[in-house]
Structures are given as structure tokens and as C-alpha cells.
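Colleague: Sequence:
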Amino acid sequence: MKLYNTLSKKKEEFVPVDEGKVKMYVCGPTVYNFIHIGNARPMIVFDTVRRYFEYKGYDVNYVSNFTDVDDKIIKRAIEEGVTSDEISKRYIAECKKDMEGMNIKPATKHPLATEEIGGMVEMISTLIEKGYAYEKNGTVYFRTRRFEDYGKLSHKNLDDLRSGERSLLVTGEDEKEDPLDFVLWKPKKEGEPSWESPWSDGRPGWHIECSEMSKKYLGEQIDIHAGGEDLIFPHHENEIAQSEAANGKEFSKYWMHNAFLNIDNKKMSKSLGNFRTVREISEQYDLQILRFFMLSAHYRSPLNFSADLMEASKSGLERIVNAADHLKFLMKNAEAENMNEEERRLFVRTDAFVADFERAMEDDFNTADAIAAVFDLVKFTNSNTDADSSKEYLGKLFELLVKLTDVLGLIVDKEEEILAEDIEKLIEERQEARKAKDFARADAIRDELLAKGIILKDTREGVQWKKA
RNA sequence: GGCGCCAUAGCCAAGUGGUAAGGCAGAGGUCUGCAACACCUUCAUCACCAGUUCAAAUCUGGUUGGCGCCUCCA
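Under my numbering, read the first sequence as residues 54 to 521, first letter to last.
These are computed hints drawn from the structure, not numbers from a lab.
Just so you know, even glycine gets a beta-carbon here, dropped at the ideal spot from N, CA and C.
A hint or two may mislead.
[Stated by the list, open to error] In the DMTMM-like style, the derived pairs of lysine to aspartate or glutamate whose C-alpha atoms are separated by at most 20 Å in a straight line are:
#1 189 - 175
#2 162 - 273
#3 519 - 339
#4 432 - 452
#5 242 - 254
#6 189 - 254
#7 319 - 282
#8 162 - 147
#9 125 - 168
#10 444 - 466
#11 520 - 501
#12 449 - 390
#13 385 - 466
#14 302 - 182
#15 109 - 409
#16 74 - 415
#17 320 - 282
#18 510 - 468
#19 64 - 282
#20 449 - 459
#21 242 - 124
#22 239 - 168
#23 229 - 212
#24 109 - 65
#25 241 - 254
#26 109 - 72
[Stated by the list, open to error] The following label-pair restraints were derived from C-beta to C-beta distances:
#27 228 - 456: 57 to 65 Å
#28 322 - 390: 54 to 62 Å
#29 506 - 161: 36 to 44 Å
#30 407 - 439: 16 to 24 Å
#31 401 - 428: 16 to 24 Å
#32 66 - 508: 42 to 50 Å
#33 439 - 326: 51 to 59 Å
#34 61 - 241: 38 to 46 Å
#35 500 - 436: 25 to 33 Å
#36 125 - 190: 21 to 29 Å
Build out the structure end to end from the sequences listed, making use of the hints.
Modeller: Right under this line is the structure:
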């Protein structure tokens, strides 16, 4: 399996730290509002990465934090006249609802920054002892130049940063030894949440949170650290500096970053007013469609969001779900139990689709190609099954389709719904009408059912229905 | 100013040296009472210029046009 490592800027063969195990950390959202669809991209992408590792038989320890102490949370709390805690708890709950809708598996552990302060204080102390950090008036800074490898992830050198530093010397930052130094601990301001520390009552800097939580739940060295590409600098660069300086060993072997999601070819931003929350999308579309849409492009390419593209994704996903529905429908009515010779021969041909699917996923999680393999399987099942197919054959095809789509987090095995009796009766009545060639009545019933959200399909094998 | 990315059909999107996957939309057809689903057929020489090579969408140089990071941001 190959994955692109931001550290080396190359695709590398994946070799786990511990055989058979994957330890991965994904930087989670700051919870000050509903998550937006940009937040959703890394969630969906790295959930899919996780699912593929699990499909391959790895034991995955997947940790993703919630940043629940932050300026934006505090600001929101003041606006609403409630505590920061109330804001963060509320939006963590909302975020989990959205994640469920997108079929994102809960992490093995979702640590909260506010519950890990003790460990952060300890890590900062270690950094001070080792000479990598210093305190000034209650604030603790990381001594950036002291860490030789600084810049190895973002491929910047300190002098380039120097020349671009222009605005770094604003407001009170002049007590730093060097403009490149960053904050590990800052004293509280009036009304802010705070914790005790040897330096001041205050709160941790953002970067140290992830270093500590990663260490606590996954250990000093992990396999994969992931997040949006905007986190490469400075967030991940600083995490590396902190963790490697404190622990004395390589932090993460592989660094994965997803590209941004734009809206109508523009970056999402508050000033443009084009922020779209996942919740908003869910009012209009099944979030499965959003997931399918996100996976239709490679995770390292920028992706554009628009209404048209969602419509196209809806049609595309429907094609896959229709195939699964049809297989289930045939299975229900199948007469023959076991596969015959012909079916056995046909089923062997599906190996090629599985091989294509895996080849795509093994090449740095090329989900667009993997989806193409799923479409090949869909066409195969549509073309090579009918009312005479055996239960076993249909079942195996169905099982395979579910297995592959499940890696992508797409649900095609919808729970069997039971129709109300009066609806069953209407469908029967319509069949009678059709037999009697009373098509006006038949169409009237079809329209009536459509109004109730039931779509009918008259297949050669009988009447199939689904919810709109 | 520094670092970096991208440009494939109406739309989306794979493909990194051997002559263009897949999906959506469109057109024609089969099936069907009709519709829907499905199936068949059809729809590109890869921004532009120059070069390397027997061979380039794929490598090199340049041009044009987009974009990102360097500051909170997924």
C-alpha cells in the first residue's frame, strides 16, 4: 500500500510501526459552531482511509480530538452570555450528529483538549527543562531555532520565514526571543476559562494540545498524522517540533493532508458569505450524497462544491443503490437455491473488479478510481442477473457490492422497510387495473403513491418500489 | 517577496512514456400500456509554444490562465 507523505513529498510504501496495527491521529474541529462542509472533507477522507486499513485486516487505533478551548469559542460564549463549556458541549453533540449522517465511524477515542491539560503542562515542563522553551511573564514560548528540523514538513527554511515575517511583531509579541517562537501556554484574560500551571493561571496554546493527546492515546511514535493542508504550517510543523523535542524520537512516520473544498470556485470565507454547514446540506440531501461527492475526486486535489455537482452525485449514487435494491428484490423471489455452472463462471469475473478496487485504494487512496471499479461491478450485476438467477449467486454479488461500498462508507443495504397495508392494497389494485388495461386508474394510483413518497418500478420480474 | 500546486469532452473526474477509465448530462435505439429502472450504440487527442524520444496527456524549458500556504482556518 502506498500513500503520499507530505514529509518526503513522495508516495511511500506503508510500513506500520507495529505489525498489523495502524495508529493514526486526525486533527479535529474547533467546536464553536456547526461544522461546515470544509470540515467534512478530512472527516470523510480519513474515515475512508481507516476503513480501507480495516478492510485489509489492520487493527486501527483512530484518535481525533475536539478542540474545546479557543478564542472563537470564548467569543461565541460571550455573545450568547453562556459558558464556553456550554458552547463546546453543544457543538460537539451537533458535530457527532453530522458525522453519523455522513456515516463516519466514531474514533476509537475523541479526546477533549480541556480534559488533557495536566498532560500538556507536563509536556511543556519537559520542553523547558530540555531548553526548548522559556517563560516570560506567565507566557511560555517554544524556542523554534533550537529545534534543528524545524521546517521539515512544510519545506520552509527559517530564513524564508524570516523574510515573510512582516506582521509577526504585532501586539505584545516583542517579548519573544525570536519572532519565530510560538506560544505553548498563555495567561488568562478576564473572564476566560483557565487552569493552574507553574507559570500562570491560563490555557494551553493550540499546537501543544495535539502533541499531548496524540502521545497519550497513541504513544510517542505514531503511523499517520492527518488533517487539512492548511494545517501543515504552522500547526503540524509546530507539533513536530514539540513532540520530537520532548520525546526525543520521530513523531509520525506519515503525514497526510487533504486539499481544500471550494464553493462555486471560491474559497469558503465569512466575508464572501459562502459558508455552508453540513447541517444545511442535510436539509436538502441525504448526507450519503455529500460523502459520495467528496470521494469522487482524489483527496489531494482541490474540490469544488456546487448545487449542480450535488445533483450529479445524487444520480450517480442512485445508480449504485438501484443495483443493490434490484439484487435484493431478485433474491426475495429467486427460485433456485444454489449457483449453477454458468453462474460460477460469471462470478469469477468479479475478481477483476475487486482487484481494480484494491489497486486504486492502494495507490494513495484513489477513491475516484475505486468508485469506477464499483460502477463496473454495478454494470456487471445489472447485465448478468435476472429472475432465473439463484439465491446463492445473487447473494454473493450483493455481499460483494456491500463489502466494497462499505469501505467507502456508502450504505447500499438499506433496512428493509415495510409498507403500510393500505399502500400494499393500492399497489395490488393498480396491478389489477393494469391487467384490465385500465391505465388511467393505474396511473392515478401511481401518482397517488408518488405523492406519498413511494416510487414504483414495473420490472419484468414484478413491481418494485422505493422511497423517494 | 519566499515556498508550492493545478490546467483532460457540456459538467465532474481517473490516467505520470506506448497512442484517452468511470460517472452525470445529451443524442439514437431495445425493453415497457406509459413512466421509471436497466441494457446497447454514440459523444475528447488531453490550455498554448518549443524541445527530448522510435513513441508524450504523461519528461524538459517557456507562455497564458487559475489557485494555495507564509496570519485563526479542514
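Colleague: All hints, please: hold or fail.
Modeller: Structure-based check of all given hints:
Taken as a hint, the residue 189 and residue 175 pair is honoured in the structure, with Cα atoms around 18 Å apart against an allowance of 20 Å. Restraint check for residue 162 and residue 273: satisfied, since their Cα atoms lie roughly 16 Å apart, inside the 20 Å limit. Between residue 519 and residue 339, the direct Cα distance comes to roughly 15 Å. Compliance with the 20 Å bound is thereby established for this hinted pair. Restraint check for residue 432 and residue 452: satisfied, since their Cα atoms lie roughly 16 Å apart, inside the 20 Å limit.
Only pairs whose Cα atoms come within 20 Å are accepted, and residue 242 paired with residue 254 is accepted, the gap being roughly 9 Å. Distance check on the hinted pair: residue 189 and residue 254 sit about 14 Å apart at the alpha-carbon level, within 20 Å; holds. Distance hint between residue 319 and residue 282 is fulfilled; the C-alpha atoms sit about 16 Å from each other, no more than 20 Å. Between residue 162 and residue 147 the alpha-carbon distance is near 17 Å, which keeps this suggested pair within the 20 Å criterion.
With a C-alpha separation of about 19 Å, the suggested pair residue 125 and residue 168 falls inside the 20 Å cut-off, and the hint holds. About 16 Å separates the Cα atoms of residue 444 and residue 466, which keeps this hinted pair within 20 Å; it holds. Taking the CA atoms of residue 520 and residue 501, the gap is near 13 Å; set against the 20 Å cutoff, the hint holds. Distance hint between residue 449 and residue 390 is fulfilled; the C-alpha atoms sit about 12 Å from each other, no more than 20 Å.
Straight-line distance between C-alpha atoms of residue 385 and residue 466 comes to about 14 Å, which keeps the hinted pair within the 20 Å bound. At roughly 17 Å between alpha-carbon atoms, residue 302 and residue 182 fall within 20 Å of each other, so this suggested pair holds. The suggested pairing of residue 109 with residue 409 holds, with an alpha-carbon distance near 15 Å, which does not exceed 20 Å. Distance restraint check for residue 74 and residue 415: the Cα-Cα separation of roughly 17 Å lies within the 20 Å cut-off, and the hinted pair is therefore satisfied.
Between residue 320 and residue 282 the alpha-carbon distance is near 14 Å, which keeps this suggested pair within the 20 Å criterion. Under the criterion of a C-alpha separation no larger than 20 Å, the hint pairing residue 510 with residue 468 is consistent with the structure, at around 19 Å. For the hint pairing residue 64 with residue 282, the CA-to-CA distance comes to about 16 Å; that is within 20 Å, so the pair holds. Annotation: proposed proximity of residue 449 to residue 459 holds, straight-line Cα distance about 15 Å (limit 20 Å).
For the hint linking residue 242 to residue 124, the alpha-carbon distance of about 11 Å falls within 20 Å, and the restraint holds. Restraint check for residue 239 and residue 168: satisfied, since their Cα atoms lie roughly 17 Å apart, inside the 20 Å limit. Using a Cα cut-off of 20 Å, the hinted pair residue 229 and residue 212 holds, with the two alpha carbons roughly 17 Å apart. With a C-alpha separation of about 18 Å, the suggested pair residue 109 and residue 65 falls inside the 20 Å cut-off, and the hint holds.
Of the supplied pair hints, the one linking residue 241 and residue 254 holds, its CA atoms being roughly 6 Å apart against a limit of 20 Å. Between residue 109 and residue 72 the CA atoms are separated by roughly 13 Å; this keeps the pair inside 20 Å, and the hint holds. At about 58 Å, the CB distance of residue 228 to residue 456 agrees with the hint of 57 to 65 Å. The hinted window of 54 to 62 Å between residue 322 and residue 390 holds, with their beta carbons roughly 60 Å apart.
The beta-carbon spacing between residue 506 and residue 161, approximately 38 Å, falls within the hinted interval of 36 to 44 Å. The beta-carbon spacing between residue 407 and residue 439, approximately 23 Å, falls within the hinted interval of 16 to 24 Å. Taking the beta carbon of each, residue 401 and residue 428 are about 20 Å apart, inside 16 to 24 Å as hinted. Checking the proposed 42 to 50 Å range against residue 66 and residue 508 shows it holds: the Cβ atoms sit about 47 Å from each other.
Distance hint check: the CB atoms of residue 439 and residue 326 are about 52 Å apart, consistent with the given range 51 to 59 Å. For residue 61 and residue 241, the hinted distance range of 38 to 46 Å is satisfied, since their beta carbons lie about 41 Å from each other. Taken as a hint, the range 25 to 33 Å holds for the pair residue 500 and residue 436, whose Cβ atoms sit roughly 31 Å apart. Our hint of 21 to 29 Å for residue 125 and residue 190 holds, since their Cβ atoms are close to 25 Å apart.
Figure legend: structure checked against the earlier numbered hints; every hint is met.
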